[in-house]
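One-letter residues, chain by chain:
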Amino acid sequence: MTDEDNRLSSEEKNDHPSDTVTSHINERRVGLNTASNDSSTDTWDTIQKEISLEPENIAKWDSFFEILEEKIDALDKDEEYVRRKDFIKLGNEKYRSLLSKYPYLTSIWKNFSIFVFKYEGMEKSIDILRTSVEQFPRSLDLWLDYLSALITEYHGTIEVDKKNERKDYLRVQFDLAIDINGFNFHSDPLWDKYLEFEAAQGQGKESNIRYFYILLRANKTPLYQYARYYKETSEINKEFSLLDNFFMEPDKDALINKYLKLFKKNTEEEFSTVELHQIIDDYSYNIFLNTQSLVNELWTYESVLKFPDFSFNTIADIREESPKWMTYIEYEKSKYETADNDADKKFWYKSTISVIERSLVPNCTDYKFWLKYVDFVHHSFTTEQEKFEELRKIYERAIYRFVPSDDNHIRFHFIKFLMFYNKPKLALEYTMDLMKATGFSENKEGYQKNDYLTCISYALSIWNTLLSKQKLTEVLENIIQRYFDSGEKLRKQNAREEKSEEKESDVEEPDIRTFETSLNEQAICVVVNCYLTRLLDSRKPSTIIKIRKFYNKYRAEPALRISVKFWKFFVDFEGLVTHNTINLKKIISDIEYDTNLPKIIVDSFLDIARDILISNLPSVLESNANTGRSEELLLTNYSDESSSLVLAKGWRKRISDNNFLIQNLEDSKAAKQHGKQTSNQSLINKEDELLKLIKSHADHPGIPISQRPEITNSLIYEENWINLNDHEVPVPPLPSFKNVEKASLPINYPSET
Amino acid sequence: MNVIENKEWSQTSKELITDPYNLKKWQKLIKEAENNEGHGINKISSPEEIEVLRQSYRQMLKWYPLLTWYWIRFAEWEFKLDNYQEALSVFEEAIQAMPYSIELWVKYLEFRIKTIGDDLQDILKLFETARRRIGYHFHSHEFYKLYLSFLKNYASVDESFTKKYYVLLRIVIEIPLYHYDYFFKTFFSHISESNISEEVVVNIVPEKELNSMNTKDMKLVSSKLKKIFTDVYITTQYKVYSLFYFEKKITRHYFDVSYISQQELGTWENYIDFMLLNYSFHYVITTFERCLIATANYPRFWIQYADYLINLKMYSSARETLKRGLWVNKNFKLLVKLIDLEIYLQNFSAARDLITSYIKLNKFIPTEIHERLLGLEHLVAPDDIEHMLQIFRELIKETKNDYLFSILLNYPFPDVQIETFMEEFQEQFSSSFVFAKSQLYIYQKLQKDTSNLITHYESKLSPKNFEEFKKYYYLNKEVDLKKLFEQEMKL
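Line by line, the protein sequences are chains A and B.
Residue numbers for the first sequence follow the UniProt record's numbering, beginning at 1 and rising by one.
Residue numbers for the second sequence follow the UniProt record's numbering, beginning at 1 and rising by one.
Chain B with its partners taken away, still in its complex shape (with noise of 0.2 Å):
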């Protein structure tokens, strides 16, 4: 095998494995299995160095599923090396992975025109596919562009084609597109004096109002039809100057690992307000995905977006958008939320499984999580105390977190009970103070005198908890003005 004869690449793939989160070493990992130690890859490279250059791609892509361009160029190495099955679904894949990216599409359809056989109706199948998904974006001239094309170039194999185009024409000078004036152009020439036809007007004009209109005089027809056509110009540009206010603040339409300016976030979320008052729910949708494919690292996003989808009870979508998240965002708050989703449409063991996976995977577990688990558990024998206190108790050896504590009083357990395990932990956690507090809060509910632990946690909590504990302390209570003037004068 000759993987260990590229030292190079050898030694940024073990690198790798522990810094999987670099994206700077994964691009050189490519760079030097594209080089192959100065040899380049072609057709007559080894299938050995072909499958270097094929998983570094395939890894580098599962860290980070958003790299556009990457998975583009993964097809197309596919492509060169004749591997037409590969680079295809290479670019299913990549469409998986971002549904909504509009270079992907233009370059896997330009793919798939470009190696058409008899599955002209796939591809049309497709473009439709692709037409709901960034049909709606503000740059998608080019997917148009290549759509228009398409019907035109094969309306010689499918004569039902000729129509379609003239209808998507139509359609697309409806929308607000950044080169809305390409298509008012190629529009107006069809209907202008000189190039007006019978075949433009039937395919424009539906059947009910030709008769209102004199075929016979074309230029009439024109004119009239210019008329009309001018007011869809006036408002599609008066659409197209209202989005341009916030396309032309956002920058960055791609991934990266850097950081976005708050202008930008800020952007994009008045840019999605826009579209849910001004536009219907694809609209809206394509917006959150746009802005996911640059922001996926930010969890709000994600999180906005799946609420917008709870909003409307489209719950499994919600679901799946939280997942698809959880891929590129490793931010635990996308699996709360979906952990709380779950709680919600009670199904418990979905929301179990999740926290049980993550724990095993993760050495670090945030208390949001574990503050689900005993919620859970507790669902599943809600009278046994015993029970639930045990895993309180496990849990809190295991992680030392003191939040645990406070958690607790939430649970309607017998306050007794709970002081008494509180106890068990005394000595462990008598320097913590949401220790303090909670066990402050269980002597007050308990009506056990407190002024001992005043005493206690002086020595125990460092000076500044301590303040905040004796705000605490005193908060539902009457300052004692006299023990607070032997304090001052340090009696």
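Excised from the complex, chain A in its bound form (with noise of 0.2 Å):
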């Protein structure tokens, strides 16, 4: 076997990593039943590298951690305590790597706490718990279990100090995650456990203002379970004073006035008992009302809601659901713009961001919702310089956290964001990093193409709006001539020397630098076509030769002999600006033969020429005045189905010029004449070496033959043509042959071998 095979059957290994994979599943099942320490081990092996290999993949996350428990109970607390703590620090470990990754994977919060508890103790589990709902606010579940784990931490403390420093402590978590997830519709039992923590407090809930308060922001809370709140609150509101109970009202004295008005009272203290409780009831029932209609618009939406959790199991439900959080989002919209005053904008502002913030739960992935955020904070009331920084930190919890790097557009949008506000700098500088992301590199997988020349466009587009007119036009030109001049690696390497010797005054420098050192060949023709029009869009007469010496220098280099905007521009410069059809029809040529150019591209540029030659016929004729005949381009017909190299004169040349047998065979006759050769001519006929390449093949496709038997007089040839008319008819010479004894060989199958 040869090199080639080698390196191809190896390949062919890795093609079918499912096979091996599942082989050492069962070992694993075989070495947990018989739990022999080898198979232990080699089940231990498997799982990491089957996380490693499949790193989405929970199921296979919950079994590594599951084993490893096991191996750590399976250690003696005391004898071999070094190696059971590496283990644990293993555990935490690959618990933080996964959960920075996905931070919205809820269960494995949950396990990474029960770990820690269980290895290390309740308060570095309370730490995690508390890590958990810094990182995923949102999550209702963590939240209750951190709290829960809060609670009883308060409950087993003796000291009264510092009982109370932890009772003001829980307060205030409770309050900041009623304040993060109070408006979640689900959120009842979040509610439910702050009540239930104040009621534990002091002396019964009807004299407890703390409870009677929490309870009433419940009330005016649209959630699934609003009549419970309402039921409680009627039994106990009347223990509390007027004032207690208009605790949520913006303007208390506008509603006792209200009041006053309708019982015809000039002041509170006139009220009786029976009339302030007819007033509370009234005002309960109205918040009531108010919030039983709000619930009910929001159950159209809310009842729909399937998958409100980040799962990688049910991605795909998660996105058929996606336009249903949209609408919802829409819904919600809509009341913040309608609201009509200050204290209803408020209540629907976070309204709506609590919906879009559990909507990214699930689809945390998708851009789209990331924009919907974006967009409606920009909507928004909030300063310029707030919105700002708020959307800011939006954006880069999307680029650097959630959306993966192959979906660019909420990236780009993020650049479009930046010079939105005047921050053409960090633009460019994020720019930049985004252009190192995508662009190709040799120790680097995922050359994203299409992305990583939009970072070009753009970078040139901040450039525009940084730099004059005429130190753009230097900038590029400099560039080109760098990135042409001394070839790629040369580049590289002078700009990594020269970068070290910078002058500090000049800010654009290092930026030009590092844009320079990930150029590639795609990129650098965006840069031409970029300074070619702004060289043409100057429109000095001087600009003009300046273009004409461009092509003449540049025309041939391999990046440029691909470009279909470089060639695209000359047409249209020469064709359609200058109307020289002298020029262009030296350009159509030069796309002919000394292009890399797709041949759809070459038809498409022949046929553009012909159009415009058509339409200066007098200045074609003048050009070839002494022939007697106009343009032999005007005749040519490529954008026709057939692709016959036999007929197709110019497209047999182009492929001649390129084709690998053919340079093959020059390379080997310019061996032969090792140091004889002086001209650049050509050492064989590349066209006829073609033609004779197609002919061997012509009837046999795929099996060349070269020699076939041939009568060499054949009568056949037009020069021994032979007319009947005459009346003296010469006979015809005996036949003589050529290869006859080749017609009866075999023939040479290409081998398999």
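If you're looking for bench data, these hints aren't it; they were derived computationally from the structure.
Even glycine gets a Cβ: it sits at the ideal position worked out from N, Cα and C.
A few of these clues could be false.
List of simulated lysine to aspartate or glutamate pairs, EDC-like, C-alpha gap at most 16 Å [to be verified]: (1) A/K469 - B/E478; (2) B/K445 - A/D572; (3) A/K220 - A/D317; (4) B/K227 - A/D572.
Chain A is faced by these chain B residues, among others (derived, beta-carbon under 8 Å) [unchecked claim]: (5) Y180; (6) V240; (7) S280; (8) N410.
Fit the two chains together into the complex; they arrive one by one in their own frames, and the hints show the way.
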């Protein structure tokens, strides 16, 4: 077997990892059953491999942690302390790395806290839970766990000062949790927990003002369980003063005045107890009605949502549900937009944000939801500076945390956003980062061509705002010059060396250097196009000369030989701007023979050129004045379906210049004549060689036959034609032959070995 | 007149006036004329009835000149009706229309032999003309059989025919034919020990080689010749096999209005390539012509054929081919090719005539034709820009073809004049993408502010076209990121 084969077969192995994986799984099962030491090591290795192969398979992660715990439990606490500690550390690390990548995996957070609780104690476990709600603040579940843990800790505290401290801390945490999640339609367990906690403090609900206030807040929030809170409120609200009842009202005086008018009283003191009760009932019933109608409205949207959590297993369902989230957000947004007073505005702002954040839990990888978020905040009431910071945070969450790197829509949006808020420097900096991330480099996978080129054009656009026209043209000129004149590798090296010697005064230079170092063949074409259009736009008499000089200097560069834009520019330039048919013909012939453009592009250039020539017949005739014919280009017929190399002369020439077999032939000829060759002329007629090649395949595609039996003086040759009209007809000479013996030779089929 | 009596025929013929490309109806027309309301046509039919039949064939073949068997049947009718001269002219006309049809040539030559008088040499000439055209046809065995038997049968009238017979046979065995075997058998029987004679030898072996043969020992000569011609057999067989690789894939050899499969079109292309690479000019021509009988409806083979002739600088043949193509294939691409050829040859008035007669006869004129008309007009008075703009104006008004604006940009006219010209049509073409694009281009050339174009066309163009327009707008421009953000945020 050759090296090539070896390489192939090893690749083949890599192509089918599934087989090895399943066999490992089977081994692992066996290992667990027999519980032998060897196989448990195997299981351990296997599962480690598996989670690195399938980092999104949560089931695999679960079993990894399961096995890890088994391993830890099997170790003796005292004797194998160090190994045990190492394993615990490993568990911590794995949990953290998994959760930093996917912070919305509730169950993993929970398992993590249990893991830590089991091996490192209560306090550390509470720390984990605290981190969990910091990382995933919209998770009711995690908040409830965290708060429960805090409460347990609180109950366990004996020291009075410490206990009070913890109580205050708990209240702060409860308020925070309500602030973040209170608008969640299903947040009743959280409200209940808070109420339960406050109820346990002090002397019964009737005299517990904290408890009552929380209840009033819950009452005003559209919650699934709204009726329960109303019922409970109406049971105890008469125990509290009118002002306490109006706790949630922004303008309590106005409300009291309303009731004074209603009861035709002058002061509050004039209300009798019965009247007071009537007012309280009326007020809380109104709140209830309001909440009830809200809940009914929300219910149409809430009732259809079935997948509120982030999960890899339900991705398809989540996708299907995302339009429902979108309509929900739209509804909330319209409520916010139509709200006519500050209080309502604030209410709906929070509510909308809550829905958007909730939608972003299952849909956190979908840039459209992030854009929706940006869109909403952008149009909200906050001040410009606040808005900028707020939006920036949203973008950064999306960009650095959630939206996968193969979907850069939101990232480009971020650049546009920075430009909108007049931060070109920041925008440029980020563009350069993104350019590096999407661009090609040897030690990195995944070259995202389109995104990378978009970065290039964005960078050019940002420079456009940063630099003067004159300066930018200069900069581009230098970039192009350095790129082509010193060759790519040299250029990169130079850039690196020069970087160290940089003058600090010139602010743009470092950016230009970074830009240059990440340029590739495709990117330089974008830069060239930008430079040329700039030259043309400035439309000074000298530019025409400059553009033509540019053409002569760089047209043979490999990067430009495949750039459609480059050639389109020059066809337009000579054809439509200067109307110079001689130059146009020169460019077309360069396109035909000296570029690496695909046939379909070459054909359309020929079509364009022909149309232009037809419209400029006087000048075409002038340049061909001596021949008595017009331009051959007028007769080309390339956009034909036929791709016969035998008939299409131009195409044949082009192919023969590029065909590797012919190149090999030329090389081997050149090697034989080593040193003797003086001129640049080709040693072989490439077109003839190509025709020979085609001929040898013509009636046996794939099986070249170069020697066929022939009658060398055959009567079917034109020169041997005998006209039988002549009265005296010659007797044709006897036939002579070539290669007759080859006729019966077996055909050499290309062998597969 | 009896025409009215043949009601069915009258009805069909009326229908055909509005529907001349309906081959089925033409066939029906012929059938009804032949049927003649059940009486049939024969020598005693009235001249009117015969005229109905004759006109039916004539008209049909005017629309469909490649229907070999209708030509043959038409000629046979005339012959049956004792109209020798008419039959002859039908055949001659048919040969004009289909110079490379084997069936036609064979039938024609049979007819001539059947009616032979003192025109033996004329018939020989005809055979030779036919051989020049269809002699390399893979399926020309019938023709050669006929030719050989003709030479043999009339050798008594013209003594040179004997020699010609052997020479022809000698030629035929070198031509790769489907029935090559038959001719070899004939040839080998002539040189077999039992049949070989002085007559055979002198007509097969050239004089200067006769000396090296011991003509006294015929047995030896026979075996010597057998040895030589076995190699011919091997070579011809090899060639037959390699042609058969293509021939076996060709299923349709005749003209029809139905489609041909892509594979078969591909086979023709490869076959032509193969011929170009391996055989002489006449072989290539025969293959092109054979191909074009079957693929006459496909402009690409006509154009390839013309290109081939143009490459060989055979301009008048190319012109004739294209004209013949235009007779059977009404595709304007052929006309464009022909116009381009005339322009190339600087026959500007011929090019103009082609265009004007096409415009007279056709309702719909493809832009390509107008494009050439404009180019030729420009040539007449290169400096009279107003005149040219007037022609553009009239054409645009008449055709409402927005692509003409794009063509206008190709002309070396001052940009300002083009811009003012375009403004005249601003209203009429505001929903046209090509117009918008052309206007954008001229604005950019004049370095006018283009931003109002984008707002103008946003409401005028269809959303899809506007997207496309925006692409052009930003093509050579730095993207305005700020504006993009505004647009995306719908500010």
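Tell me, which hint numbers fail for this structure?
Failing hints, ascending: 3, 4, 5 and 6.
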